[in-house]
Structures are given as C-alpha cells and as structure tokens.
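Protein chains: 2
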Amino acid sequence: MQNWKLTLTYDGTEYHGWQVQPGLCTVQGELQQALAQIVGESPLPQGSGRTDAGVHALGQVASLELACPIPADNLKRALNRILPASIRVLKAEVVEANFHARHSARAKTYEYRIFCGAVCSPFLARYVHVCRWPLDLERMQKAAQQIVGEHDFRSFAASDPELRQREKDGNEATGKELGTVRSILTSEWQEETGELLIYRVCGSGFLHHMVRNLVGTMLEIGRGQFAGDAMRKILLARSRAAAGPTAPACGLFLQAVYYDASARTKETEPAR
Amino acid sequence: MQNWKLTLTYDGTEYHGWQVQPGLCTVQGELQQALAQIVGESPLPQGSGRTDAGVHALGQVASLELACPIPADNLKRALNRILPASIRVLKAEVVEANFHARHSARAKTYEYRIFCGAVCSPFLARYVHVCRWPLDLERMQKAAQQIVGEHDFRSFAASDPELRQREKDGNEATGKELGTVRSILTSEWQEETGELLIYRVCGSGFLHHMVRNLVGTMLEIGRGQFAGDAMRKILLARSRAAAGPTAPACGLFLQAVYYDASARTKETEPAR
Chain A
7 MQNWKLTLTY DGTEYHGWQV QPGLCTVQGE LQQALAQIVG ESPLPQGSGR
57 TDAGVHALGQ VASLELACPI PADNLKRALN RILPASIRVL KAEVVEANFH
107 ARHSARAKTY EYRIFCGAVC SPFLARYVHV CRWPLDLERM QKAAQQIVGE
157 HDFRSFAASD PELRQREKDG NEATGKELGT VRSILTSEWQ EETGELLIYR
207 VCGSGFLHHM VRNLVGTMLE IGRGQFAGDA MRKILLARSR AAAGPTAPAC
257 GLFLQAVYYD ASARTKETEP AR
Chain B
7 MQNWKLTLTY DGTEYHGWQV QPGLCTVQGE LQQALAQIVG ESPLPQGSGR
57 TDAGVHALGQ VASLELACPI PADNLKRALN RILPASIRVL KAEVVEANFH
107 ARHSARAKTY EYRIFCGAVC SPFLARYVHV CRWPLDLERM QKAAQQIVGE
157 HDFRSFAASD PELRQREKDG NEATGKELGT VRSILTSEWQ EETGELLIYR
207 VCGSGFLHHM VRNLVGTMLE IGRGQFAGDA MRKILLARSR AAAGPTAPAC
257 GLFLQAVYYD ASARTKETEP AR
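Chains as they are written, first to last, in our numbering: chain A, 7 to 278; chain B, 7 to 278.
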C-alpha cells in the first residue's frame with residue numbers, strides 16, 4: 007500500500023460540500039468514483055476538513071491509500087481527465103505512511119471575498135459575497151486584529167447538535183473542555199481593488215462555520231451595526247447569539263493547508 | 007414611448023442562448039420577465055444579435071420601447087436587483103426613436119479564449135476552451151490575418167436550413183446574393199499569459215457560428231492538421247465542409263457592439 011497526498015482546487019458552487027452524502031453530488035464522492043475508475047480501488051479520501059456546500063477550495067488536501075503502484079504524474083493526469091472540470095488535482099504525491107490530511111494538518115488559511123462595487127460581473131458573482139452596504143475598512147481591520155492569538159471561539163461556532171450536546175454534558179464547561187479554543191496566527195483584510203475586499207485568516211484550526219461567522223460579524227462592525235470593539239466582547243460572551251450572521255458560502259475559499267516540512271503543501275495562487 | 011438601449015453582460019453557461027424559446031431559460035426571456043415586474047410592460051428586447059447557448063457577453067446591446075417614464079438609473083438598478091446574478095445591466099440609456107440594437111449596429115467585436123496549460127483552474131473552466139494540443143501561435147496569427155477585409159465567409163457559416171434553402175433557390179448564387187459576404191476589420195491572436203490565448207475579431211457582422219468555425223479552423227492550422235495557408239483556400243471553397251470543426255461555445259464572448267456616435271457603446275473591460 008502507498009499513502010497518497012492530493013492537493014485539490016474546486017469550484018464548490020454545485021456541490022453539496024466535501025463530504026460524501028447518499029444521493030448527493032459531493033467533492034469527496036466525485037474523487038472516490040474517479041479513483042475507482044482509474045485503479046479499481048475506492049478508498050474514501052480523507053480531507054483536511056469538510057468544506058460546506060458552496061464553499062470553494064484553492065488548496066484542499068486529501069489523503070488516501072492505494073495498492074496500485076501508479077506513477078504520481080499518471081494518477082494526476084488520469085484524475086484530471088475523469089473528474090468534472092470544476093474539480094482539479096494540482097498535485098499528487100506519495101507520502102509517508104503516517105501522513106493524514108486532517109490529523110497531520112498544522113494550520114490552514116481561508117480567504118473570504120467580498121464585492122462592494124455597484125455592479126458585480128456575472129463572471130465573478132459565483133465567487134464573491136456581494137455586500138450592498140458601505141463598509142468602514144478601518145473598523146473591520148481593527149476587529150480582525152482582535153482575534154489574533156489563542157481564544158475560545160465558541161461564539162463563532164455553528165450551534166451544531168454535537169456542540170450543544172457537549173455543552174449540556176459539561177454544563178459550565180470551559181472552552182478547553184468543549185474543544186472550542188483555537189489559535190489564530192494572522193487575520194487581516196486587504197483591499198484587492200476598490201471593489202473587491204479579501205479577508206485572509208490563518209489558524210491552527212477552525213470550528214464549523216467559524217470563518218463565515220467571523221466575516222458576518224465583521225461586516226456588522228464595518229457597516230456600523232456593531233460597535234468597533236464588539237469582537238472582544240463577543241469572544242468573552244461565549245454564545246453564538248452574541249455574534250453576527252453567517253456570511254454566505256460562495257465567498258469562502260479554503261486557500262491552503264500547512265503540514266510539517268516532511269509533507270509541506272505549497273500555497274497555491276489564488277484564482278481571480 | 008421611450009426607446010431604450012441596454013448594455014448587458016452575461017455568463018451564458020446556463021442559458022439556452024439569447025433568444026426566447028418556449029419552456030427554456032434564455033437571456034432575452036429573463037430580461038423580458040424582469041421588465042414586466044418593474045414597469046408592468048413586457049416588450050421583447052431586441053438584441054444586437056442572438057448569442058448561442060453557452061456563449062457569454064461582455065457588452066451585448068438590446069433595444070426596447072417603454073411607455074413608463076422611469077429614470078435610467080432606477081431602471082438599471084431595478085433590473086440588477088431582479089435579474090439573476092449571471093446577467094447584469096451595465097448601462098441603461100434613452101436613445102433616439104430610430105435606434106435598433108441589430109439594425110443600427112455598425113460592427114461587433116468577439117473574443118475567444120483558449121486555455122492551453124496543463125491544469126485549468128475550475129474558476130476559469132466555464133469561460134475557456136481547454137485545448138490539449140500544442141499550438142503554433144505564429145501559424146495561427148498568419149491565418150487570422152488572412153481573413154481581414156471583405157470576403158465571402160460561406161465556408162465558415164453554419165449550414166443552417168435557412169442558408170441551405172437560399173443556396174438551393176440561388177443555385178450557383180454568389181456570396182452577395184446569398185448574404186454571406188462580411189467585412190473583417192481586425193483579426194488577431196494575443197497570448198494573454200503563457201496559458202491563455204485570446205482571439206479577437208472585429209467585423210461588420212458575423213454569420214451564424216462564424217467565429218467558432220474560424221477558431222476551430224485556426225486550431226487545426228495551429229496544431230498542424232491543416233496547412234499554414236489553408237485559410238485562403240477554405241474561403242475560396244465556399245463550402246462548410248472545407249473548414250475545421252466548430253469550437254465549443256464556452257470560450258466565446260460577445261465583447262462589444264459599435265454604433266454611430268449618436269448611440270455609441272463603450273467597450274467594456276473583459277472579465278478575467
């Protein structure tokens with residue numbers, strides 16, 4: 007058996023997210039089917055994390071084991087021939103047996119793209135969130151800075167059944183106990199053009215919906231619905247109700263996943 | 007009644023072309039429905055020409071008459087609120103009563119985008135034709151030059167029932183009699199990046215499938231299947247069978263339509 011690491015980019019618009027679901031079109035499912043066609047084996051590729059329906063990837067990473075001794079370039083070429091054009095394999099590498107796309111991941115970068123001009127090109131519309139409010143970028147930049155470091159991000163986690171159950175079990179559980187503490191390394195907004203704002207965040211890991219909830223909250227700060235220093239208070243509240251709405255999936259890109267040097271992933275160029 | 011000129015951009019991927027067809031989703035149909043919602047009138051907007059299923063537009067022009075005295079900015083904003091994000095109105099103007107998007111058009115520019123790298127980004131794939139052959143750009147450039155001027159483009163016209171009937175009626179009809187003579191003002195290839203080739207052609211008018219047939223033929227020349235001077239011979243042959251295949255719709259963009267100064271359309275920036 008050989009252990010493989012695949013680096014993938016996909017347009018998530020027409021997929022029900024990464025994870026295989028019966029009867030639905032998913033990225034993991036497409037990849038599994040393509041592998042079956044090529045090597046006659048259909049291991050379930052393990053992603054670095056699940057991207058939600060409609061979320062895109064510039065550098066998602068998946069790992070899987072194959073018995074077939076296929077050369078890396080052939081596997082990449084064959085996958086790109088079979089997969090739909092909305093999913094591309096950027097790299098196929100044989101890695102050490104203990105590499106696992108999720109468990110071995112050290113950090114991830116996401117970016118979130120916001121169009122704030124008057125008329126959004128139809129060729130961009132699938133890949134941005136169109137924001138109709140005037141935004142104060144300076145306020146949003148300050149808010150972005152306030153999440154850098156180790157924090158309990160419970161306020162920004164989707165209130166999934168799993169988290170709710172853990173909260174019940176733990177009663178007044180701390181973030182450490184609930185598993186809602188994360189380290190953010192960088193968090194900043196960039197004005198790409200006058201009409202396009204990009205938020206980039208790199209962290210040790212992210213809770214479900216965390217980036218979209220952070221962006222939804224910063225947009226409220228940017229348009230003056232929340233106070234300029236709201237971010238700190240929302241972190242302390244440790245309640246989903248304290249944060250802003252979840253920003254739409256279409257603006258979110260998993261940009262890159264980082265591993266130790268033995269299995270490092272290069273950053274891919276963001277698509278425009 | 008006021009006569010309106012609308013400049014439109016659209017991602018044609020999911021439309022059955024410009025023209026209204028019963029039960030199918032078309033750009034003209036979406037526009038007509040949106041107008042009905044806004045002003046309670048539903049004139050059929052006249053396009054500068056019909057774009058085929060899957061063909062995109064950066065600057066399509068449509069004209070229509072409305073009784074409702076709505077300010078131009080309001081009409082543009084309202085249309086962009088109601089239309090799907092894949093169709094945008096770039097400009098809405100009241101023009102002289104005799105302006106007609108098709109009859110008044112003096113020239114048009116199309117562009118055709120070809121991706122010739124190894125792996126095409128999923129964010130580009132809907133808007134290019136992926137060509138898997140190595141291409142000799144110099145040969146293609148020479149071929150493009152050979153169509154500049156006034157020629158009978160019968161070899162590059164789709165063999166539609168209408169043209170076949172005209173051919174039957176006219177027996178050995180000349181291009182003038184058949185209406186297959188067109189003037190090409192500029193025709194050239196540009197290497198946008200090492201991986202993206204763009205063909206731009208400006209002419210007095212274009213026959214059905216003409217740009218896609220020209221591109222399909224130049225690709226055959228570029229990959230060495232047709233001789234370097236094939237273009238001239240194919241023009242003289244006056245037969246669809248002499249030319250190459252029709253290049254796919256997804257690479258084609260109607261870039262701009264030109265009118266006399268009284269109703270001039272600005273070129274729109276090509277989307278990347």
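What the hints contain is simulated information worked out from the structure, not anything from laboratory work.
Hints should not be assumed to be uniformly reliable.
A pair counts as met if it fits within one copy or between any two copies, since identical chains are not told apart.
Result set (SDA-like, lysine to any residue): computed pairs, CA atoms no more than 25 Å apart in a straight line [unchecked claim]:
1. 174 x 76
2. 182 x 55
3. 97 x 133
4. 97 x 38
5. 239 x 71
6. 239 x 22
7. 182 x 90
8. 174 x 77
9. 97 x 136
10. 148 x 166
11. 182 x 7
12. 174 x 147
13. 182 x 164
14. 148 x 23
15. 148 x 7
16. 97 x 131
17. 97 x 200
18. 182 x 145
Taking the hints in turn, this is what the structure says about them:
{"no.": "1", "hint": "174 x 76", "in the structure": "neither (49 Å within a copy, 58 Å between copies)"}
{"no.": "2", "hint": "182 x 55", "in the structure": "within (20 Å within a copy, 63 Å between copies)"}
{"no.": "3", "hint": "97 x 133", "in the structure": "both (23 Å within a copy, 23 Å between copies)"}
{"no.": "4", "hint": "97 x 38", "in the structure": "within (16 Å within a copy, 46 Å between copies)"}
{"no.": "5", "hint": "239 x 71", "in the structure": "neither (45 Å within a copy, 56 Å between copies)"}
{"no.": "6", "hint": "239 x 22", "in the structure": "neither (34 Å within a copy, 51 Å between copies)"}
{"no.": "7", "hint": "182 x 90", "in the structure": "neither (41 Å within a copy, 45 Å between copies)"}
{"no.": "8", "hint": "174 x 77", "in the structure": "neither (50 Å within a copy, 58 Å between copies)"}
{"no.": "9", "hint": "97 x 136", "in the structure": "between (32 Å within a copy, 19 Å between copies)"}
{"no.": "10", "hint": "148 x 166", "in the structure": "neither (29 Å within a copy, 62 Å between copies)"}
{"no.": "11", "hint": "182 x 7", "in the structure": "neither (37 Å within a copy, 69 Å between copies)"}
{"no.": "12", "hint": "174 x 147", "in the structure": "neither (35 Å within a copy, 70 Å between copies)"}
{"no.": "13", "hint": "182 x 164", "in the structure": "within (17 Å within a copy, 68 Å between copies)"}
{"no.": "14", "hint": "148 x 23", "in the structure": "neither (32 Å within a copy, 47 Å between copies)"}
{"no.": "15", "hint": "148 x 7", "in the structure": "neither (49 Å within a copy, 53 Å between copies)"}
{"no.": "16", "hint": "97 x 131", "in the structure": "between (28 Å within a copy, 18 Å between copies)"}
{"no.": "17", "hint": "97 x 200", "in the structure": "between (34 Å within a copy, 20 Å between copies)"}
{"no.": "18", "hint": "182 x 145", "in the structure": "neither (30 Å within a copy, 66 Å between copies)"}
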